[in-house]
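Given chain A, work out where chain B should sit, using these hints.
Next come the chains, spelled out residue by residue.
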Amino acid sequence: MSAIHVNHLRKVFKVQKNREGLKGAFQDLFKRQYNQVAAVDDISFQIPRGEICGYIGENGAGKSTTIKMLTGILVPSSGQIEVNGMIPYKDREKFVRGIGVVFGQRSQLWWDIGVIESFQLLKKVYRVPENDFKMRLDEIVERLQLSEILNRPVRKLSLGQRMRCELAASLLHNPSILFLDEPTIGLDIVVKTEIREFLKEMNQKYETTILLTTHDLQDIEALCSRVIMLDQGHIIYDGGLQNLKDKWGKGKEVHFQFQKTYPLSTLHDLTKGLNVKWFKENELAAKVWIPQNEVNVSDVLSRIVGFTDISDIKIFETNTDEIVREIYKSGSAEKAKEVVASNV
Amino acid sequence: MLPMFSAYIDMIRIRFLMMLAYRVNYYSGIIIYAINIGAYYFLWKAIYGANETLGEFTVLQMTTYVAVSWMARAFYFNNLDREIANEIKDGSVAVQLTKPYPYLIFKMMQGLGEGLFRLLLFSVPGMVIVTLIFQIELPTQFDVWLIFMVMIFFSFLINSQINLLTGMFAFFVENNEGLMRFKRIAVDLFSGLIIPISFFPGWAKGVLEWLPFQAITYLPASVFTRRVVGDAIYNAFIVQVIWFLFLSIPIYVIWKMARRRLVVQGG
Chain A
1 MSAIHVNHLR
11 KVFKVQKNRE
21 GLKGAFQDLF
31 KRQYNQVAAV
41 DDISFQIPRG
51 EICGYIGENG
61 AGKSTTIKML
71 TGILVPSSGQ
81 IEVNGMIPYK
91 DREKFVRGIG
101 VVFGQRSQLW
111 WDIGVIESFQ
121 LLKKVYRVPE
131 NDFKMRLDEI
141 VERLQLSEIL
151 NRPVRKLSLG
161 QRMRCELAAS
171 LLHNPSILFL
181 DEPTIGLDIV
191 VKTEIREFLK
201 EMNQKYETTI
211 LLTTHDLQDI
221 EALCSRVIML
231 DQGHIIYDGG
241 LQNLKDKWGK
251 GKEVHFQFQK
261 TYPLSTLHDL
271 TKGLNVKWFK
281 ENELAAKVWI
291 PQNEVNVSDV
301 LSRIVGFTDI
311 SDIKIFETNT
321 DEIVREIYKS
331 GSAEKAKEVV
341 ASNV
Chain B
1 MLPMFSAYID
11 MIRIRFLMML
21 AYRVNYYSGI
31 IIYAINIGAY
41 YFLWKAIYGA
51 NETLGEFTVL
61 QMTTYVAVSW
71 MARAFYFNNL
81 DREIANEIKD
91 GSVAVQLTKP
101 YPYLIFKMMQ
111 GLGEGLFRLL
121 LFSVPGMVIV
131 TLIFQIELPT
141 QFDVWLIFMV
151 MIFFSFLINS
161 QINLLTGMFA
171 FFVENNEGLM
181 RFKRIAVDLF
191 SGLIIPISFF
201 PGWAKGVLEW
211 LPFQAITYLP
221 ASVFTRRVVG
231 DAIYNAFIVQ
241 VIWFLFLSIP
251 IYVIWKMARR
261 RLVVQGG
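So the sequences go chain by chain: A and B.
Using the working numbering, the first residue of the first sequence is number 1, and each one after it goes up by one.
Using the working numbering, the first residue of the second sequence is number 1, and each one after it goes up by one.
In case anyone wonders, no lab produced these hints; they're calculated from the structure.
Here the structure is a predicted model, which is why all the values come from computation and not from measurement.
Among the hints, erroneous ones may be present.
Partial list, derived from the structure: chain B residues whose beta carbon lies under 8 Å from chain A [what the hints assert, rightly or not]: (1) S6; (2) D10; (3) M18; (4) A21; (5) S92; (6) T98; (7) P250; (8) A258; (9) L262.
Glycine included, each C-beta is placed from N, C-alpha and C at the ideal position.
Next comes chain A alone, as it looks inside the complex (with noise of 0.2 Å):
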């Protein structure tokens, strides 16, 4: 069974028109107009039990909307939504026993004071059990490092401390679902890393089912198996990371550190027949463009080696932020009926 399921899932929001000028602010007064956006534009997806899913997209691509339906704030326009086998909006109260949810940008901790108080009063909310809370939030301080910080008022916690302990309060309960939104922004490596380590570790022992959306890549090839990409409220892209670097990477270089100098026209000799492009770094090194799918880098590299002192060897893929960046820019619309096609 899945444990997210959306079908044909829309949300159109009225805007507002304002008119120009003074003439058009009086219009206004006495008859508004409105424009209708979709934010989210027909989506269909599955999230299977037990899966990390990265929601991934440009500010305004509806990623935050999606979120809001899937966790019952907001109502669908028209589409079908059933998460944990229910329908988020309605009975929400029942609905969001079972999941978690954070905000990057928003805390659900009471601001001025003890962060314990906080979970306590998440504890009578969602009704644990003495014993499991007991449990569950040693085994999550211990894990988060927060026994030092419990007593803090909210408002005094650095943001890496705030967040995990938003983290923490988001699991109290033992939520099969995980919602997160953004929620290593503003973080620094340090805590991004903890985080995603700790996601991680409670997502294999717990099975728990993690959403999250987020603007840096490094946490999606951390942490994610799929990875959905939004745009303007359609769905571009929904596979695995690693197809997503395949079709859309371009080729991969390759950096050799020397210990005699060679000139290029030597290595432009040694690599003759194949379709690479060779660049001058300095005295003792340079680097090779090894285009996609048209040359294997194990080629490139045989013919190299034995012919040339090597002391050094890197391999560079072109990484995810260039990818994406790639097809952000690309505005997608047509390569991205190609990218969803192909992926049917």
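Same frame as chain A, but now just chain B:
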């Protein structure tokens, strides 16, 4: 309602802690109320001059009325309207909606926590001091105190309901600041806090009797000052209960509407 009870109690506890977190607020509140009671006390004294009664009130009833209605205000007053409007405006209502509790009842509980805090740490000691300084007359019968306590609880309910309605308006308009200010003045003026309703001209009295505001201050304070006695006490109480029940209807309807058209602002 019942399974949530311990969560509600905890919410009251949390609000207590929050109030304690800001001591300056607490102390400045005491000063502001002391100034208000003092000012109105002397103002009414001056207005009465040599008169024994004005607008059906004796001097003693009037000063008692002033003291008790301000002390009751410390209990029923809250800023739920502003809190709700802010949460709607900055979008943090979304976080609240991902928690398994009824948002509005939870808000009421927070208001109750705030009210109980002020009642215990503020009104009760305040009333003792006021009794020592000013000339007022406290009721001696236990049952008057009892019904008064029940009535100011309903004052709290009705005032909070009005606050919920005003606050929820932020769902429908982008800025409800004006409405909130108007409401605040309307409650202070029309509830009989600043001027007892019997001082209003006849036509205004007629109008105010059909509004919920009198149930907040005027009715409980009239019972406390013994201007309303016997069966009339129960009539006053029933008016409160009716308003409480009646106001629940628009709250329910507007909440349902708001949930439908909820646009969480700020992306």
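We went through each hint and held it up to the structure:
1. S6: 5 Å, holds
2. D10: 5 Å, holds
3. M18: With Cβ-Cβ at 5 Å, under 8 Å, it holds.
4. A21: Holds: closest Cβ of chain A sits about 4 Å from B:A21, inside 8 Å.
5. S92: 5 Å, holds
6. T98: Constraint on B:T98 satisfied, holds at 4 Å.
7. P250: 21 Å, violated
8. A258: Violated - the Cβ of B:A258 stays beyond 8 Å from chain A, reaching only about 11 Å at its closest.
9. L262: Hint holds; B:L262 Cβ to chain A Cβ min 6 Å, cut 8 Å.
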